[in-house]
Structures are given as C-alpha cells and as structure tokens.
Amino acid sequence: MRARARRDPADFAAFVHARSAALHRAAYLLVGERGLAQDLVQEALTKTYVAWPRLRDPAAAEAYTRKAITTTAIGWYRRKGWHGERPVADTPLSAGSVAGDHADRVAEQDAVWSVVQSLPPRQRAAVVLRYYEDLTEAQTAERLGCAVGTVKSQVSAAMATLRRELGDLPDLLPAPAHDDQVVTR
Amino acid sequence: MTDRLTSTLHERADAEQFAVPDVEALVRAGDRRVRRRRTALAAGGAALAVVAGVALGQALPGRGEAPQPAPAPEQVDIYPVQERDLPPMVVVGGDVAWVDGVTEKLRAPADELVRTSVGWVYASYEGVFSRTDTGTRRVPGVTGDLLVSDEDGVLVGVYDLHEGGAVLRVLDQRTDELRVVVDDLPEESGVLALDGDRIYWYDTAGTWVQDLSTGEREPAPEGLSSVEAGTIVSNPGADQGFTTAIETRDGVERGLEWSGDVGALSPDGAWYASDDAVGFPGAPGAVLVETGRRVRLQTGTERGDLVLINGWLDATTLQVGISPMAEAEPNRLLTCTVPDGRCEVVLADVLSVVPGAQFRQFVGPAAP
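Protein sequence lines correspond, in order, to chains A and B.
Letter 108 of the first sequence, counting from 1, is numbered 108 in UniProt numbering, and no numbers are missing.
Letter 332 of the second sequence, counting from 1, is numbered 332 in UniProt numbering, and no numbers are missing.
No lab work stands behind these hints, which were simulated from the structure alone.
Every residue gets a Cβ at the ideal spot worked out from N, C-alpha and C, and that includes glycine.
Hints are not guaranteed to be accurate.
What the hints assert, rightly or not - On the chain A side, residues computed to face chain B include the following (Cβ under 7 Å):
no., residue
1, A13
2, L135
3, L172
Claimed, not checked - Anything over 10 Å on all C-beta distances counts as not near chain A; from chain B, calculated:
no., residue
4, E11
5, F18
6, A108
7, D111
8, P219
Build the full structure now, drawing on both the sequences and the hints.
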C-alpha cells in the first residue's frame, strides 16, 4: 500500500523562520511595496507548503519558494493589467553628480531605485534576479520560465532605460560578465 | 567596486525589516488548498462549485440597503429546482459587486462564496457568514473548508475538516438550522454538489449521493462535474477519451463527445456549458443535452486567455469571466446566451467596480 505524502508543519515552520527574511527582501525588490511583498511571500510560502512532500530538503524548498515569488509577482501584475512601464516621476540626478557626501549618495540611490521600480514587471524581475540574487542568465531564465535570449533582451532593455533616465553616472551598471554580455542591436 | 545598481538593490532590501509570517496561518491556508485540489481531482465539478458560487449573482431585493424583515418560512419552497433569475455579480476581495455599480462589504475577504435563492454564504478567516434579506449572521461552530449550494434552493452544504477527519453539515439559510449529514468522514473526503434535497460527497470508498429527507445514500458517478434538477454530468476518466457521461433525471444515460471537465448545467439541466469544448479547441461552448447540439460561445477571447464559465444566471444565460493573457488588458465579465451563443461584455474592467480594490484580493470569476 502506498503511503500518502505527509506535510510536516514543524519542518516547514523551521524553514519559514530561517528563510523568510531573505525571501521578503527579494520579494520587496520585485514589487517595491512592503505590504505587497508580505502578501507575495505568504502566497509563495503557501504554495511551498502544498509542495512540501516532494521538496525534501531546505535548498529545494528555498528554490521553489523563490520561483513562486517571481512567477506569482508577474502573474499579479498581469491580472491587474498594469501597463508596462510606469512613469518616473522625477529623476533627481544630474549626469555630473558625484557621490561625495551622504546626501548625494542617498539621492543617487533614490534615483536608481525609482527607475528600477518604473521598469515593466519582467524587466524588473530580470534585473533583481541578475543583480540582487546574482543568478546567471540561465538560472534567471529558469526562474522566469523563459528562454535565455529573453533574459538577455529584458536585461538589455532595462539597462537602456537606466542609462536613459540616469545619464552617465559612473559605476552605475555592473561590468558585463562572461555570460551576460549586454545585447546591443 | 560594487556597481551602484547592485548596491542600491542590496541597501534597499536590507533597509526593510519583515516579521516572520504566521506559520499556523500558512499551514491552514496550505491545507485548505490541498483539500481543494484533492476535491477537484476527485471530481472536476468540485472546483466549479466554488468558483461558480463566488462569481454568480444573487438577486437579493434591496441589495446594498438596510436588511428587510424575514419572509414567513411558508412563503419559500425549500426545494425549488429549476428556476432562477440572477444579475451578474462578482466578488472582489472583501466586497461583492453587481454590474450596475452597487457593492456590499463582506465581514472579511471571502475564501469561498456560494449563493442560494435567498442570499449567499461565504467562508473567510473571520468565520462562515450567512447573508439574507434579514442581514448577515455568523454560522457558529463551522469553518467552511468547502461550501456547496443549490442556487435555486435554500440549502448550503458545509464541509469542515478537523484533526483526523471531517464533518458534513447542511445549513438551511432560511431558518438558520444547521444539521449534520455525515459526522465520521475520513480526512480524504469532500463535498461535491447539492441539488434540491440531494447532496453529493465522496470518501475513500467512492462517490455518494445522500437524500437529505430520508438519510438514504447510494453510489453516485465518479468524476462528478455538475448536477441540476436531477441531471448529472460526469467525466469517467482520461481513459474514456473525450466523453462526458450524462444521466438525466428520468434515468436516461448518454455519452457525449465533450471534453469539458469543468462545466455547469443550466438550471433545468437542458444545457451543459464548459470552458474547453471538443470541436472548439480552447474555446468555451455549450451542448444541448437532449440532442448533443453544440454551440460555440462567442466570447471574443484569444488563445492564452483564461476563460471561466461561472455558471447560469437563468435558463439560457451564462456568466463568463475572462482574464486576458495580455498584461495590459483588464479582467472582464460577460454574459452569453444559448442557443445563439452571443456574448455581451457587462463589465469591461472587473476591478473598477470596487473603488480602491487591490488586485491581489481578487477572487472573482478569474480566481486562480
């Protein structure tokens, strides 16, 4: 007789306590709102709990949850019917700004953050996965459920927007790595 | 040197502090989802019962107004089975809304909502509530893990899971009487449908129909999809191909080439509509049970759009929810009629009917 799969709430609770902070931070970058990030993580963790019997180890559980966060966020945006790019209300930097003091540095971060948040959902997700979670293009493609070429084009478009909105800030963007040459067409 | 994009992302993320989620609430939500999935797998109609109930309208007189005195019990037939005339309605988080702009606040966002001829019943994290013309009342002592109803009657099946088992009760929404139907169900069980005075449920031994008047029970078809006025639609299983079995109230059995494993019978059992019909791949359609005649529902949807047959508003009108694949397009609500298959958009943007609605709360016709 085949045993029915079991969900152990104690193991799941241990996972949630250990990893929820990191998961929340990633979710926050995807959606840019605390409340929304909390809802997103709760939804992803609920999905993880449902899938718990086949995840077996914490690493698999975390990978599953992070993927659920990404796909759920994109799905939410789709259902809400958000229109691609949101307007950037203000880009508080001139091209010649120098991060010489704290105020300038804060202003720079505000500007970068504002533009990141204005990106369309898939572009924003690709940027967060590549430059916050430090995933490779292949890993990012797997997380987003798309082709590597799509990741390249999404990141490329995002970088173009960042450059257009922020000008020639030194060290704005990461240097291309061997596997992430920016697509320029 | 770290680039500014990467450092900004890290510093923004690190600046936010989040509390550990309520694990017990997550486990409860997960368990509920597992049960729903189990139910849907056991019988395709189970999920429909929930979704259709959520989305269907309720013709409450004076909706959105102060509750009216209760009608005398004898004025209501407890088991009407074939008539309804309901306006389209959706649930958006903690609100119900009609297409004319009238809305009503629920006590809490609904996880499930079913309607009857005298109101509706919903389950939420605050409990189970019954709404009729006399107001909203908490249904004590139940959690409503699954709800089913006959939209033409006054009864609601309330299925509650507890440690190691489950209980199936029936609520008479007119009198508030709550009585136990089965109190020793195993954990792997569920309620499927309610039709007049007959309730359909399953356990590890099979699928059953129980007469609520006599308590007698007998085997019911596996893969139950929809029951109305004694007509039963079931999907025998994948090995049977695209065949839907239909058993009419007079005992006639038919096998129709019709794929819809999630669908709804019209109030009189004459039509069966589903979201994915053989002959119209990926498109919704309806079939006339008596003859097998098919009608394509002209929803104007494109491949990839999510189409949900919410249920029947009257004998010939369906409520259909559309969630477009295109990100920029809002969810819309349609009504479609048979036999002409014509559809009309009655809500171009479902979320627009509830001011301040949060899209993540949406549990209406395009619920995931």
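Distance rule for B/A108, whose beta carbon must clear each one in chain A by more than 10 Å: With a cut-off of 10 Å, B/A108 remains clear of chain A, as the shortest Cβ separation is near 15 Å.
Chain A versus B/P219 - minimum CB to CB distance exceeding 10 Å, so not interface: holds, 23 Å
Supplied contact hint for A/A13, tested at 7 Å Cβ to chain B: Constraint on A/A13 satisfied, holds at 4 Å.
Interface hint compliance - A/L172 to chain B, C-beta minimum distance less than 7 Å: Nearest chain B Cβ about 5 Å off; hint holds.
Whether B/D111 stays farther than 10 Å from all C-beta atoms of chain A, as the label says: Nearest chain A Cβ is 12 Å from B/D111, so the label holds.
Status of B/E11, Cβ more than 10 Å from any chain A Cβ: Since the minimum Cβ distance to chain A is about 6 Å, B/E11 lies within 10 Å and the statement is violated.
Cβ separation check - B/F18 to all of chain A, threshold 10 Å: Violated, since 4 Å does not exceed 10 Å.
Status of the hint placing A/L135 at chain B (closest C-beta pair under 7 Å): Status violated, d = 13 Å.
Going through the hint list in order, the structure does not satisfy hints 2, 4 and 5.
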